[in-house]
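These are the residues of each chain, in order.
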Amino acid sequence: MHRKNVVIVVAVLAALGLLWMVGCGGGETTTTTAAPTTETTAVATTDTTAPAGPSGDPILIGAVVSATGPASPLGEPERAVLAMMETQINDAGGVLGRPVQIIIEDDQSNPKEAVTATQKLIQQDKVVALIGCTTSGATLAIKPITAEAGIPQLAMAASNAITDEPPMDWIWRTPQKDALAAARALKYVAETLGVTKIAVLHDENAFGASGAAEIAKSAPGLGLEIVATESYKTDDTDVTAQLTKIKGANPEALIVWGTNPGPAVAAKNMKQLGMEIPYIGSHGIANKAFIDLAGDAAEGVVFPAGKLLAVESITDPAQKAVVSQFVAAFEAATGGKPNTFAGHAFDASALLVNAINTAQSTDAAAIQSALNATTGFPGTGGIFNYSSTDHDGLSVDDMIMIKIEGGAWVWAK
Amino acid sequence: MSFDQFLQYIVSGITNGSIYALTALGFTLIYNATDIINFAQGEFVMLGGLTAVSLHRLGLPLPVAFCGAVLIVMLVGIIFELLAIRPLLKASVLAQIIVTIGASLAFRTFAMIFWGRDSLPLPAFSGETPIKIFGARMTPQSLWVMGLTLVIVVALQLFYRRTLAGKAVRACSVNPEAARLMGISYSRVVLISFAVSAAISAAGGVLITPSSFMGYGSGAMIGLKGFAAAILGGLGSPIGAVLGGLALGVLESLAVGVVSAGYKDAVAFLILLAVLFVRPQGLMGQRPVEKV
Amino acid sequence: MNGGRLLTFARRHSAFAMFAVVALGAPIFLNNAYYLSVLAFTATRLMISLGLNLLMGQAGQISLGHAAFVGIGAYGSAIMTTRWHMDPWLAMALAACIAAFAAVIIGIPTLKLKGHYLALATLGVGEIVFILLVQTKSLTNGTDGLTGIPALAVGGLRFTQYNPRAFHLLVWGVALVMLLISLNLSDSRVGRSLKGLHRSEVAARSLGVDTAFHKVQIFVVSAVFASIAGSFYAYYVQYISPDSFTLTFSVLLVTGVVIGGLGSVWGAVWGTLLVALLPEYLRQYDDYTNLVFGILVIVIMIFLPTGMIGVPALLGKWRRGIRGGGRPGSGAAMTEGTGAADGGTV
Chain A
1 MHRKNVVIVV AVLAALGLLW MVGCGGGETT TTTAAPTTET TAVATTDTTA PAGPSGDPIL
61 IGAVVSATGP ASPLGEPERA VLAMMETQIN DAGGVLGRPV QIIIEDDQSN PKEAVTATQK
121 LIQQDKVVAL IGCTTSGATL AIKPITAEAG IPQLAMAASN AITDEPPMDW IWRTPQKDAL
181 AAARALKYVA ETLGVTKIAV LHDENAFGAS GAAEIAKSAP GLGLEIVATE SYKTDDTDVT
241 AQLTKIKGAN PEALIVWGTN PGPAVAAKNM KQLGMEIPYI GSHGIANKAF IDLAGDAAEG
301 VVFPAGKLLA VESITDPAQK AVVSQFVAAF EAATGGKPNT FAGHAFDASA LLVNAINTAQ
361 STDAAAIQSA LNATTGFPGT GGIFNYSSTD HDGLSVDDMI MIKIEGGAWV WAK
Chain B
1 MSFDQFLQYI VSGITNGSIY ALTALGFTLI YNATDIINFA QGEFVMLGGL TAVSLHRLGL
61 PLPVAFCGAV LIVMLVGIIF ELLAIRPLLK ASVLAQIIVT IGASLAFRTF AMIFWGRDSL
121 PLPAFSGETP IKIFGARMTP QSLWVMGLTL VIVVALQLFY RRTLAGKAVR ACSVNPEAAR
181 LMGISYSRVV LISFAVSAAI SAAGGVLITP SSFMGYGSGA MIGLKGFAAA ILGGLGSPIG
241 AVLGGLALGV LESLAVGVVS AGYKDAVAFL ILLAVLFVRP QGLMGQRPVE KV
Chain C
1 MNGGRLLTFA RRHSAFAMFA VVALGAPIFL NNAYYLSVLA FTATRLMISL GLNLLMGQAG
61 QISLGHAAFV GIGAYGSAIM TTRWHMDPWL AMALAACIAA FAAVIIGIPT LKLKGHYLAL
121 ATLGVGEIVF ILLVQTKSLT NGTDGLTGIP ALAVGGLRFT QYNPRAFHLL VWGVALVMLL
181 ISLNLSDSRV GRSLKGLHRS EVAARSLGVD TAFHKVQIFV VSAVFASIAG SFYAYYVQYI
241 SPDSFTLTFS VLLVTGVVIG GLGSVWGAVW GTLLVALLPE YLRQYDDYTN LVFGILVIVI
301 MIFLPTGMIG VPALLGKWRR GIRGGGRPGS GAAMTEGTGA ADGGTV
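These protein sequence lines map, in sequence, to chains A, B and C.
In terms of the working numbering, the first sequence has 321 at position 321, counting the first letter as 1, and numbering is strictly consecutive.
In terms of the working numbering, the second sequence has 75 at position 75, counting the first letter as 1, and numbering is strictly consecutive.
In terms of the working numbering, the third sequence has 323 at position 323, counting the first letter as 1, and numbering is strictly consecutive.
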């Protein structure tokens with residue numbers, strides 16, 4: 001019986017090996033026959049999206065965002081902005097005289113799905129560049145693919161590893177990286193609050209863990225002592241136990257690093273337990289949902305964020321103009337105020353379009369050098385200065401501290 | 001660990017445990033009638049909370065929003081039973097369980113599309129001034145959750161032991177064939193179980209929304225903990241479900257104090273496994289008689 | 001071996017051979033890394049399902065924690081290659097050994113439990129492994145995940161995403177070998193005693209079958225299958241994070257096996273193909289993907305309570321309905337016949 005099976009498998013494998021070799025030639029024909037189909041659809045899209053102005057084949061840009069799943073509160077505004085940008089760019093005459101088409105794929109907040117989506121965008125849609133992803137995990141998962149394919153990728157996630165670890169020749173980042181945000185928050189704690197003993201409560205997801213690691217790294221340098229570090233799961237509905245433990249360590253301030261709803265639960269629980277110490281959040285709560293959820297408990301919470309949240313804090317006139325325009329356009333398109341995640345998507349598309357215009361080409365290498373040569377580019381997150389070694393572009397000065405007062409964001413100078 | 005801290009861990013544990021207990025009661029009800037583990041149980045909790053948020057936003061006062069949400073989700077439970085469970089009553093239990101898995105996915109995605117991705121809040125039922133119990137503090141909202149759990153478990157116990165319908169449910173659970181011969185309508189028992197179970201979970205969902213908010217994905221974790229609590233207590237026993245829920249909540253809370261928050265679920269599950277290895281039928285369950 | 005059995009065997013082999021030709025030949029027609037990538041993930045999914053099917057269908061033991069063994073395979077391989085610079089193949093084998101060892105340790109107490117208690121116990125094990133993956137940061141790098149995992153290679157031939165045809169042949173080749181093992185196991189003496197287990201443990205025991213030993217044995221086999229699948233996953237994506245090994249994944253695996261048809265090896269194959277490929281097809285519905293998928297799962301179970309292997313019976317029923325009665329018993333005969341041609345139904 002066994003021998004029979006083995007014989008069959010070997011025979012099948014041998015037959016396939018043969019077929020495969022023959023098939024390599026056949027494969028080419030498949031691509032050529034497939035090509036006209038893509039062209040027809042492309043022309044059709046051109047007709048609908050850009051009735052006047054730009055003409056010719058659209059420039060295809062891929063995007064991978066977390067439109068569904070746990071990270072969707074961040075990914076959804078990103079998707080809205082990318083759709084908005086496509087219209088805006090084409091209304092303004094497109095890029096290089098051609099219309100732009102941004103193909104948006106959903107990774108369901110799952111790195112594996114991001115990999116499949118990226119393969120589709122690169123292999124099937126043949127995009128010239130890629131924006132993504134929403135989460136650090138997905139971004140790290142697809143980084144090797146864009147690097148191997150030599151496709152520029154603009155990440156919207158914050159983890160340090162995205163631009164600190166190889167391969168990093170093909171990836172640039174638009175958000176402030178974790179290290180920057182943590183440094184800004186700690187600076188506020190040490191200098192403005194003037195305390196020395198702090199506690200950290202962080203989400204166990206990539207965002208929270210990375211933030212906590214950065215805080216642990218930089219705190220001693222600022223003379224801060226971390227007396228307690230606790231964590232919670234993203235979907236935990238109560239953190240009183242963690243806060244009780246933290247309270248026992250007598251910190252003078254609490255840093256909470258996570259995205260909604262965890263930090264809002266923490267704010268409410270602190271009030272319940274009668275903890276009066278200052279609450280310092282992360283840039284992960286830079287959206288109105290935090291204020292809606294925490295209600296009164298949100299009052300007095302301070303967190304680091306890009307200047308987008310307090311336009312009056314922007315000193316650079318060019319950046320002020322860009323941000324005001326973006327805020328107006330976003331309100332017109334969606335009816336709501338943009339948060340920093342929406343800003344990341346805006347910056348990513350604006351930087352990319354700028355690079356293609358500068359390069360006067362959609363050639364990957366040309367876009368790469370144009371991105372590396374980008375300096376003084378005003379975006380919502382700050383003034384971007386990329387170079388061949390710095391793919392982060394932003395500095396600590398691009399972040400400000402925001403305080404919640406009367407249910408609104410106020411610049412905490 | 002100081003005494004005040006210890007007390008706070010216990011109070012926090014009981015608060016969370018009540019939610020697990022409520023969900024476990026929902027599991028127990030359906031299991032008693034059908035042997036089904038309803039994977040959509042957590043989704044009933046989520047739907048309850050979010051429906052109440054919507055009703056309240058329409059301007060309805062909280063008590064009306066509460067009742068409305070419970071009724072609407074009960075209706076969802078009934079429709080779900082009629083459409084998806086009833087056609088499978090004669091098929092294997094596993095097929096029915098897979099249907100509840102499909103339903104949980106569908107409910108969750110529907111909620112994401114309908115209510116959006118962000119978690120939503122609801123005002124507290126009776127203010128947010130914490131109640132002090134020696135050194136520990138709890139919100140008035142937790143009293144509501146605990147009160148409801150107590151009411152429901154007493155009501156269920158009375159229902160199972162004292163009423164004809166309750167005895168019918170128990171009869172179905174022991175032997176559906178014999179129950180049918182006695183003139184009990186099995187399909188009606190299943191329908192009622194789904195309706196009541198959905199209503200209980202929805203009520204729990206509304207009550208926890210003011211303190212822990214509700215998002216489209218919140219049901220998954222609550223469902224998981226509820227399932228664990230129901231098994232720990234010994235599937236099928238309402239008192240066991242409550243004990244299981246409270247035990248799980250307190251275990252988690254103490255694990256934060258003694259070990260670390262990162263390992264709290266691991267500690268809780270380890271103890272749960274240990275209990276199962278010693279008492280394979282759960283805390284309050286009866287040893288099953290094996291059919292030959 | 002009597003004539004009937006011989007016939008079944010011949011049919012099974014022809015079914016297997018046909019499936020193998022299609023599976024391995026797919027790259028000839030799909031000159032597109034995206035499709036091949038989807039198929040590669042499907043192959044790893046199939047490996048896990050085959051093991052799970054042995055456990056659930058043959059031994060009647062449910063596992064809601066199989067993502068844990070996939071995680072052990074993926075993380076074992078990733079840690080041994082990136083941190084200790086071990087050869088990827090060796091790491092894969094060692095990870096499988098670790099998974100087997102874990103299965104023995106977990107299986108001996110756990111498999112004594114029954115029904116839903118067993119489901120919870122396996123779920124608990126899955127959660128604990130997940131938490132360990134998140135918490136033991138010095139080894140696993142926590143939720144950030146592990147990057148820079150090397151690819152499998154033989155000499156100069158690297159099996160990566162950029163050489164999708166080679167990877168396809170490798171991963172489907174292994175999946176097919178596992179399929180053969182499953183087919184043989186389900187028909188061997190062990191398999192028959194396992195099915196006895198499924199029907200009545202007491203009966204099997206009284207016939208002298210060492211039920212406890214067999215259960216653990218099959219648990220180990222399924223853990224090894226899952227671990228190997230996890231290793232392939234890690235070497236293919238070259239990045240892993242705990243997100244890929246959640247309870248949701250375990251539940252989806254079980255769903256695939258049941259939708260296909262519990263107790264049938266081919267059922268597990270069709271179910272896995274459906275559960276892995278359908279969401280990819282439904283991608284076009286954006287946000288509605290999982291809504292449609294969830295409803296489809298319900299609809300399939302309602303019309304095919306025994307899973308996809310029940311299709312012939314359903315078709316037979318319909319045909320009989322059209323003919324207005326038809327030959328008595330033709331439906332049953334059809335199920336038997338087509339099921340045997342499919343290879344797995346017994």
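Simulated from the structure, these hints should not be mistaken for laboratory data.
Be a bit skeptical, because a hint or two may be false.
Said to hold, decoys possible - DSS-like cross-link-like pairs, simulated, lysine-lysine; straight-line CA separation at most 25 Å: (1) Lys403/A - Lys320/A; (2) Lys167/B - Lys90/B; (3) Lys114/C - Lys233/A; (4) Lys90/B - Lys114/C; (5) Lys217/A - Lys197/A; (6) Lys317/C - Lys217/A; (7) Lys90/B - Lys317/C; (8) Lys413/A - Lys288/A; (9) Lys187/A - Lys197/A; (10) Lys126/A - Lys320/A; (11) Lys403/A - Lys337/A; (12) Lys337/A - Lys197/A.
Note that the structure is predicted; figures quoted are calculated from it, not measured.
Do the hints match the structure? See the list:
Of the pairs offered as hints, the one joining Lys403/A and Lys320/A holds, with about 20 Å between alpha carbons and a cut-off of 25 Å not exceeded. Proximity of Lys167/B to Lys90/B is assessed by CA-CA distance (about 22 Å); at most 25 Å being required, the pair is judged to hold. Among the hinted pairs, Lys114/C with Lys233/A is inconsistent with the structure: their alpha-carbon atoms are about 30 Å apart, more than 25 Å. The hinted pair formed by Lys90/B and Lys114/C meets the criterion: a straight-line CA distance of about 22 Å does not exceed 25 Å.
The hinted pair formed by Lys217/A and Lys197/A meets the criterion: a straight-line CA distance of about 15 Å does not exceed 25 Å. A C-alpha spacing of about 69 Å is found between Lys317/C and Lys217/A, which places the hinted pair above 25 Å, so the restraint is violated. For the hint linking Lys90/B to Lys317/C, the alpha-carbon distance of about 17 Å falls within 25 Å, and the restraint holds. Between Lys413/A and Lys288/A the alpha-carbon distance is near 21 Å, which keeps this suggested pair within the 25 Å criterion.
Pair hint Lys187/A plus Lys197/A holds up; C-alpha atoms about 14 Å apart against a cutoff of 25 Å. This hinted pair does not check out: Lys126/A and Lys320/A have alpha carbons roughly 35 Å apart, beyond 25 Å. With a CA separation close to 17 Å, the supplied pair Lys403/A and Lys337/A stays within the 25 Å bound. Between Lys337/A and Lys197/A the CA atoms are separated by roughly 36 Å; this puts the pair beyond 25 Å, and the hint is violated.
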